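**Student:** Could you build the full structure based on these sequences and the hints that come with them?
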Amino acid sequence: MSDSLWLIVPAAGQGKRMGADKPKQYLEIAEQSILTHTLQRLYAAFPQAQLVLCLDNDDQWFNPAWVPFPHWQRVTGGVERMGSVLNALQAMPAQAADVVMVHDVARPCVTPEDLRALYQAASEHPDGALLAMPVADTMKRASVDQLSVATVPRDGLWHALTPQGFRYALLREALEYAVDNGCIVTDEASAVEALGRTPLLVSGRRDNVKVTHPGDLALASAIMASQVACVSERICT
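For reference, each letter of the sequence shown is one residue, going 578 to 814 in the working numbering.
A few of these clues could be false.
Stated by the list, open to error - Okay, derived cross-link-like pairs now, SDA-like style, lysine to any residue, Cα gap no bigger than 20 Å in a straight line: (1) Lys787 x Leu734; (2) Lys787 x Ile800; (3) Lys787 x Glu605; (4) Lys787 x Met710; (5) Lys599 x Gln609; (6) Lys787 x Leu724; (7) Lys787 x Asp635; (8) Lys599 x Leu794; (9) Lys599 x Asp635; (10) Lys717 x Arg731; (11) Lys787 x Tyr620; (12) Lys599 x Pro689; (13) Lys787 x Gln591; (14) Lys717 x Glu690; (15) Lys717 x Pro689; (16) Lys717 x Val729; (17) Lys787 x Leu772; (18) Lys787 x Ala597; (19) Lys787 x Asp714; (20) Lys787 x Asn634; (21) Lys787 x Pro689; (22) Lys787 x Glu608; (23) Lys787 x Pro711; (24) Lys599 x Glu657; (25) Lys787 x Glu657; (26) Lys787 x Glu690; (27) Lys599 x Leu734; (28) Lys717 x Asp732; (29) Lys787 x Gln617; (30) Lys787 x Ser767; (31) Lys599 x Thr653; (32) Lys787 x Asp732; (33) Lys787 x Val712; (34) Lys599 x Ala642; (35) Lys599 x Ser767; (36) Lys599 x Asn634.
For the record, the hints were derived by calculation from the structure and aren't laboratory data.
As the structure is a computational prediction, the values presented were derived from the model and not from experiment.
**Tutor:** Structure below.
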């Protein structure tokens, strides 16, 4: 793996929808924090990458011993995700053509295979790439009072996942443009799209779930246990 790969992990959120006594990235699965699991997954795929971890200045739960990467730095997280990523981009000594992959800290189930596939696509496609999966369910449009008012054709619709990867210069330009022009962006790809660019959708696994609500913790735990069992079975057979 080239040293020109950077990994940004925004981890400054409070995770209030979990209703827990600490940010969701510090909740535990199999006696390790979600943050630890996520960093371990990234390290398994890219041990030589350079990590930038975005944390709240008042974070009282983080333990530097959880970081497996030999090359990493901590930056101050923003109020929103976009601010955290932009802070990271402005702090890291990257080159214009370096690949930057941004991954949700609350997606601890991402596999090394998907991570490597995304890196390959982001390296080759000029507008970058993101893990995603085609919508499989019937999609409904709701009214303000949650009445189903229309069925939306799902052809061409995808669920955006992470990581999302872009060349450093393009991603920084996109996020700075979004800030300067008041664009509403919910992920890095939407900022790049605002420039008129078209990132590549890379089909990812459906078990790359995001821990957002209380029930998601048990789901992620079950998925990770299943993944470990599958790996062990392949090794043993």
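**Student:** Does each hint fit the structure? Answer for all of them.
**Tutor:** Results of checking the hints against the structure:
Using a Cα cut-off of 20 Å, the hinted pair lysine 787 and leucine 734 holds, with the two alpha carbons roughly 19 Å apart. About 12 Å separates the Cα atoms of lysine 787 and isoleucine 800, which keeps this hinted pair within 20 Å; it holds. A threshold of 20 Å between alpha carbons decides the hint, and for lysine 787 with glutamate 605 the separation of about 14 Å falls inside it, so the pair holds. For the given pair, lysine 787 sits about 14 Å from methionine 710 by alpha-carbon distance, which is consistent with the 20 Å threshold.
In summary, the hint linking lysine 599 to glutamine 609 is supported, as the alpha carbons are separated by about 14 Å, within the 20 Å threshold. Our distance criterion of 20 Å between C-alpha atoms is broken by lysine 787 and leucine 724, whose separation comes to about 26 Å. The straight-line distance between the Cα atoms of lysine 787 and aspartate 635 is roughly 24 Å, outside the 20 Å bound, and the hint therefore fails. A distance of roughly 14 Å separates the Cα atoms of lysine 599 and leucine 794; the hinted pair therefore holds under the 20 Å criterion.
For the suggested pair lysine 599 and aspartate 635, the alpha carbons sit about 12 Å apart, so the restraint of at most 20 Å is met. Under the criterion of a C-alpha separation no larger than 20 Å, the hint pairing lysine 717 with arginine 731 is consistent with the structure, at around 10 Å. Straight-line distance between C-alpha atoms of lysine 787 and tyrosine 620 comes to about 19 Å, which keeps the hinted pair within the 20 Å bound. Simply put, lysine 599 and proline 689 have alpha-carbon atoms about 28 Å apart, too far for the 20 Å limit, and the pair is violated.
With a C-alpha separation of about 15 Å, the suggested pair lysine 787 and glutamine 591 falls inside the 20 Å cut-off, and the hint holds. A C-alpha spacing of about 32 Å is found between lysine 717 and glutamate 690, which places the hinted pair above 20 Å, so the restraint is violated. A hinted pair counts as satisfied when its Cα atoms are at most 20 Å apart, and lysine 717 with proline 689 does not qualify at roughly 33 Å. For the proposed pair lysine 717 and valine 729, the alpha carbon gap of about 6 Å is at most 20 Å, so the pair holds.
Using a Cα cut-off of 20 Å, the hinted pair lysine 787 and leucine 772 is violated, with the two alpha carbons roughly 27 Å apart. A C-alpha spacing of about 16 Å is found between lysine 787 and alanine 597, which places the hinted pair at or below 20 Å, so the restraint holds. Under the criterion of a C-alpha separation no larger than 20 Å, the hint pairing lysine 787 with aspartate 714 is consistent with the structure, at around 18 Å. Taken as a hint, the lysine 787 and asparagine 634 pair is broken in the structure, with Cα atoms around 24 Å apart against an allowance of 20 Å.
With a CA separation close to 16 Å, the supplied pair lysine 787 and proline 689 stays within the 20 Å bound. Proximity of lysine 787 to glutamate 608 is assessed by CA-CA distance (about 19 Å); at most 20 Å being required, the pair is judged to hold. Taking the CA atoms of lysine 787 and proline 711, the gap is about 16 Å. The hint holds against a cut of 20 Å. With a CA separation close to 18 Å, the supplied pair lysine 599 and glutamate 657 stays within the 20 Å bound.
Our distance criterion of 20 Å between C-alpha atoms is met by lysine 787 and glutamate 657, whose separation comes to about 17 Å. Distance restraint check for lysine 787 and glutamate 690: the Cα-Cα separation of roughly 18 Å lies within the 20 Å cut-off, and the hinted pair is therefore satisfied. With a C-alpha separation of about 34 Å, the suggested pairing of lysine 599 with leucine 734 is violated against the 20 Å cut-off. Restraint check for lysine 717 and aspartate 732: satisfied, since their Cα atoms lie roughly 13 Å apart, inside the 20 Å limit.
Restraint check: the Cα-Cα separation between lysine 787 and glutamine 617 comes to about 16 Å, which is no more than 20 Å; the hinted pair holds. Pair hint lysine 787 plus serine 767 holds up; C-alpha atoms about 19 Å apart against a cutoff of 20 Å. Our distance criterion of 20 Å between C-alpha atoms is met by lysine 599 and threonine 653, whose separation comes to about 18 Å. Of the supplied pair hints, the one linking lysine 787 and aspartate 732 is violated, its CA atoms being roughly 23 Å apart against a limit of 20 Å.
The hinted pair formed by lysine 787 and valine 712 meets the criterion: a straight-line CA distance of about 16 Å does not exceed 20 Å. Distance check on the hinted pair: lysine 599 and alanine 642 sit about 19 Å apart at the alpha-carbon level, within 20 Å; holds. Distance check on the hinted pair: lysine 599 and serine 767 sit about 29 Å apart at the alpha-carbon level, beyond 20 Å; violated. For the given pair, lysine 599 sits about 15 Å from asparagine 634 by alpha-carbon distance, which is consistent with the 20 Å threshold.
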